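FYI, in the working numbering the residues of the sequence shown are 128 to 661.
These are computed hints drawn from the structure, not numbers from a lab.
Any given hint could be a false lead.
Simulated DEER-style distance windows between Cβ atoms [claimed, not checked]:
#1 Tyr652 with Pro519: 19 to 25 Å
#2 Ser618 with Asp454: 16 to 22 Å
#3 Glu273 with Gly354: 54 to 60 Å
#4 Met341 with Glu453: 36 to 42 Å
#5 Ser618 with Glu453: 35 to 41 Å
#6 Lys293 with Lys331: 50 to 56 Å
#7 Asp388 with Asp314: 19 to 25 Å
Computed list of lysine-lysine pairs in DSS-like fashion (alpha-carbon distance at most 30 Å, straight line) [stated by the list, open to error]:
#8 Lys448 with Lys432
#9 Lys292 with Lys382
#10 Lys382 with Lys416
#11 Lys343 with Lys311
#12 Lys446 with Lys382
#13 Lys292 with Lys267
#14 Lys235 with Lys277
Computed from a predicted structure; not experimentally measured.
Each residue gets a CB set at the ideal place from its N, CA and C atoms; glycine is no exception.
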Amino acid sequence: MNNNTDDNNIDKDNVNTDATEEIVAEETIFGGTETEPETAASDAAIPDGVGIPIFPDNEASDEADEPDDKPAKKTHRALKITAAIFGAVVVCTYIVISIWFMFHYNYKTYINDIDYSFYSLDDVDAYIESYIQDYSLTLKLRGGEEHVIKPEDISLDIKPNITAKKIISEQNGFLWPYYMLKRKDYDLYYSASYDKDALEKLLKSYDSLDESKMEKPEDAYVKIKDGESTIIPESEGNYLDFDRLCCIIDEAIVKGESVLDVSESDAYESPELTADSEEIVNEQKELAKILEMTITYEIDQVSWKLTSKEYGDWISNVKGKWKFSEDKVREYVEDIASRYDTYGVPRNFRTHNGDVITLANTWYGWMIDVDGETEELMKLLEAGESTTHTPPFDCYAAVYHDGGDDIGDSYIECDFGQQHVYAYVDGNLVWDSDCVTGSLANNGKYRTPEGVYTILYKKTPAVLIGDDYETPVTYWMPFIGELGIGFHDASWRSSFGGDIYKNSGSHGCVNLPVSAAEQLFNIVYDGMPVICYY
């Protein structure tokens, strides 16, 4: 028992000694660092006598500092895998989208200018089919009138020129990115067949297409309004060219239009000249310049103005030129003659004793030369310049006033009833004398006519010649030329005035004493008024 125990103790000591030696050896070799069990076991297995290399401390340190590249390799590998997966996803996505675009229209696909981007074949086919089934054409006419033409009205049969499938076949689904940048347009139209006779009959049934109720268009033109040059705009009217209307309806159906605004088409006859036409604008400017003209009439103390408010109606455009109507000008001249002429017009006269008498028989007054004035006024109007103008007269009077008084304040007054003659100059009585006038015998054969006349001229001496006489006189002052009647001296008479004229009067002249005739001769002048009354 004891021996065994000792043996056991010896074994334990040996074991402990061996273990201690191993530990010491390890400490010596590795410089006192603790070693993992696997290393220690390996070292313990090294046979005796085999040398173990001892590394210096600095070499062990360098070996420990070298980088480990395993993590970097792992990262690089992960990136490759990620990129491959992403690329596969992109390719698959692109293929899926491309396949989708084989059955859908690409972006920026337009049909008849309508955007059909991303529409499916079925959508467009349904649209075309729906269009054909529901098609009708609305006509919009001038005046707001509308009419609807239905397929059954004209036996209309519509077929499209292109199908949805045909359109998409022209697109490559795999090139959809390209179509994102470029617009693609397609024209969809229809071939249509219909009963043209039925269409014409339908159109003619519309009240507005009754030719008798249509209004022809009117060109713009220039006219004078309130004395100003004014452009009257064109009138569109509503006159339709029936054949042209049928043509544009046919075009609308072929294009697939559902609304046809006829009012904006060329089916309506249009005016040739509009308010903006160069020809009209130039005419307006030219006329405006003419209308600035004013002609001021002056007849002695009376004046008036002829302006565009009056002569505007006389102007018309002839082949692009403004012309005055000679007939209108003559009418105006005749009108002013009727208003301003005083020749032969009955007039009132206040006698030397204050009585107011009316003289109907007058060979005196103003009388415009109508022919001459028409010619002169035409020239003035065509010249287009403002001016002052006095018309030519066939007969003149002493003066002219607004009231029509053309005798004035200087005149000869013959009171045949009193057989006395008066001379007034500037309203003052400057001379008077008894006289003997035409005899009242033989039923007044030589009676001196009453009236208003003028001194035609004066002459000294002169010879008076009649049917049965020839008499020399010293002072001759005629005032009725056709009858040869005037003032003159009558040296053969010894008395004047009274009732001599009733039975022993003259042949019509006004006989005066020689001295009185001389004085009157020095007073009168050509055109001086002579007023005669009983």
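Would you check the hint for Lys446 and Lys382, treating anything up to 30 Å between C-alpha atoms as holding?
violated, 44 Å
Quickly compare the C-alpha distance for Lys235 and Lys277 to 30 Å and report which way the hint goes.
violated, 33 Å
Is the hinted range of 19 to 25 Å satisfied by the C-beta distance from Tyr652 to Pro519?
Given about 22 Å between the Cβ atoms, the range holds.
Compare the distance between the alpha carbons of Lys292 and Lys382 with 30 Å, and conclude whether the hinted pair is satisfied.
With a Cα-Cα distance of about 20 Å, the restraint between Lys292 and Lys382 holds, given a limit of 30 Å.
Given the hint that Lys343 pairs with Lys311, does the C-alpha gap stay at or below 30 Å?
Violated, at roughly 45 Å.
Is the hinted pair Lys448 and Lys432 satisfied, with a Cα-Cα distance of at most 30 Å?
holds, 25 Å
For a C-alpha distance cap of 30 Å, please report whether Lys382 and Lys416 respect it.
violated, 52 Å
May I ask you to test the hint 35 to 41 Å on the CB atoms belonging to Ser618 and Glu453?
violated, 57 Å
Starting from the hint 16 to 22 Å, judge whether the C-beta atoms of Ser618 and Asp454 obey it.
violated, 58 Å
The hint says 54 to 60 Å between Glu273 and Gly354; measuring C-beta to C-beta, is that right?
This hint is violated: roughly 44 Å between Cβ atoms.
Given the range 36 to 42 Å, decide if the beta-carbon distance of Met341 to Glu453 lies inside it.
Once the Cβ atoms are compared, 38 Å apart, the range 36 to 42 Å for Glu453 and Met341 holds.
Taking 30 Å as the top limit, are the C-alpha atoms of Lys292 and Lys267 close enough?
Violated, because 34 Å separates the two Cα atoms, which is more than 30 Å.
When each numbered hint is compared with the structure, violations occur for hints 2, 3, 5, 6, 10, 11, 12, 13 and 14.
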